[in-house]
Amino acid sequence: MMTATIHITLNGFEEAVVSEATIASLIRDFNEQDSDLIVEHNGCFVYPAEYGKRVLQDGDRLEFINPNFGG
Amino acid sequence: MTSPHPGPKSVRTVDTDSDKGKTDGKSMLRQKDRERYQRQIGLPEIGEQGQKRLGRSRVLLAGLGGLGSVLAASLCAAGVGFLRIADRDRVELSNLNRQILHWTADIGREKTVSAGEKLAAFNPEVVLEPRQIAIAEDTVQELLRDCQIIVDGTDNLESRRVLNRASLKTGLPFIHGGINGFNGMLSTFIPGRTPCFECLFSEFGGGSGCPSVLGATAGIVGSLQSLEALKYLLGMHAELLTGRLLIVQGRSMTFRKIRLEPNPACPECG
Ligand SMILES: [Zn+2]
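Quick note, the sequences are listed as chains A and B, same order. Under this note's numbering, think of the first position of the first sequence as 13, with each following residue one higher. Under this note's numbering, think of the first position of the second sequence as 11, with each following residue one higher.
It is worth saying that the hints were derived from the structure and are not from the lab. Keep in mind that a hint or two might mislead.
[Stated by the list, open to error] Each computed SDA-like pair below joins lysine to any residue, with the alpha-carbon atoms no more than 20 Å apart:
hint: 1; chain 1: B; residue 1: K267; chain 2: A; residue 2: L49
hint: 2; chain 1: A; residue 1: K65; chain 2: B; residue 2: K267
hint: 3; chain 1: A; residue 1: K65; chain 2: B; residue 2: R269
hint: 4; chain 1: A; residue 1: K65; chain 2: B; residue 2: N133
Excised from the complex, chain A in its bound form:
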């Protein structure tokens, strides 16, 4: 049996991901766990404590953003 997939937009590109994907699992899948990231989910800033709990839905928009701390 095939794992169900959903389609989300990640950093402007459409991606097919497993239907139970969370923000935390996507950060692992996209190999971003070592970088300081801001996560935007459907226009909202997501705090790290939420990453493992936030299950993605079909059509969600996600952005991984590198924060800018220079001046």
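Position chain B with the ligand relative to chain A; hints supplied.
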């Protein structure tokens, strides 16, 4: 004089009150101010009363690098009354691609002196207080004294953490901005009304040292921060960049606002 006094010093000749009019809200602007600020007094959001309000305003600008140069110039040009400028560094050749208040002949000079000179010549009506000092836990309270607003021209997380804690402690708004390469981000943090800087960034590490950055990016983000500061000082509090983080992506010319919710796990305000 044997020992240099380490305390604050203001650079400008102080005008006598006779030339200045009283500060009771009904008084008139001086003719030279009316002329200097003519092209902004014409804005319905400002007018003569708003200009006088700016003239009574007191600002701490922390950092005189890329963002700080732009912030200082535009706050001075707009006619804030008092600007305390703090930085501990000296001007280096590699600063000059983006720190537009510092020029080639300034290399090796204290940034507060280099900036103070230009700003005083730019707009002698502004009372400047240069403080060649680090932004740290044991200096920040004194740096904030009698100021209404904290403007972020710093280039590192640690200084911003110090400024954020001071903002939470005093209730003063913190106009944050940061840049890297073609990109930047900014938000206006107001204690009690918005999440704070640490709500967003408490889990972040020290950063990557010295990011590469374009002067044009500093110009964009610094100008947006100064617009926020001026709006706050003018009392336009309903239209600030509060509860939002503005993400500026210069390569794609994308400006996007991200909604911020309170963070119950924030170590500073949660
Ligand atoms: Zn907070």
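So, going through the hints one by one against the coordinates:
1. K267/B <-> L49/A: Satisfied, since the Cα-Cα distance of roughly 16 Å is no more than 20 Å.
2. K65/A <-> K267/B: 24 Å, violated
3. K65/A <-> R269/B: Measuring from Cα to Cα gives roughly 19 Å; hence the hint holds.
4. K65/A <-> N133/B: 54 Å, violated
Of the numbered hints listed earlier, those contradicted by the structure are 2 and 4.
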